[in-house]
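Trainee: Residue numbering for the sequence shown follows my numbering, starting at 257 and increasing by one per position.
It cannot be assumed that every hint is accurate.
Said to hold, decoys possible - Just the calculated beta-carbon pair ranges, DEER-fashion:
1. G280 / E302: 29 to 39 Å
2. E293 / V259: 19 to 29 Å
3. A309 / S282: 34 to 44 Å
4. F291 / L327: 25 to 35 Å
No lab work stands behind these hints, which were simulated from the structure alone. Only a predicted model underlies this, so the values are computations on that prediction, with no experimental measurement involved. Just so you know, even glycine gets a beta-carbon here, dropped at the ideal spot from N, CA and C.
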Amino acid sequence: MSVLSLRFTDEEYRVLKNYAKTNGISLNRAVKDAFFEMIEENYDLECFDKAYAAYRKDGRTYTADEVEKELEAGE
257 MSVLSLRFTD
267 EEYRVLKNYA
277 KTNGISLNRA
287 VKDAFFEMIE
297 ENYDLECFDK
307 AYAAYRKDGR
317 TYTADEVEKE
327 LEAGE
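I would like the entire structure built from these sequences, with the hints used as guidance.
Mentor: Structure below.
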């Protein structure tokens, strides 16, 4: 297991500590959750940007039925 050292201002530490206490989690869990949530949000935004660019290119949309049929065909 690796260890990462972070430096916080006193105010940042107080906010983080209060957040962790309010949510009944450790400081480590609070920082890890926030970090991985940020990664997930960035990934979601990247996927959206790619999908929106594809939509703008051809303008095609799909109904829920079309998507379902496409997914079933791929099984």
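Trainee: Hint by hint, which ones does this structure get wrong, listed from lowest number up?
Mentor: Violated hints: none at all, because every hint is consistent with the structure.
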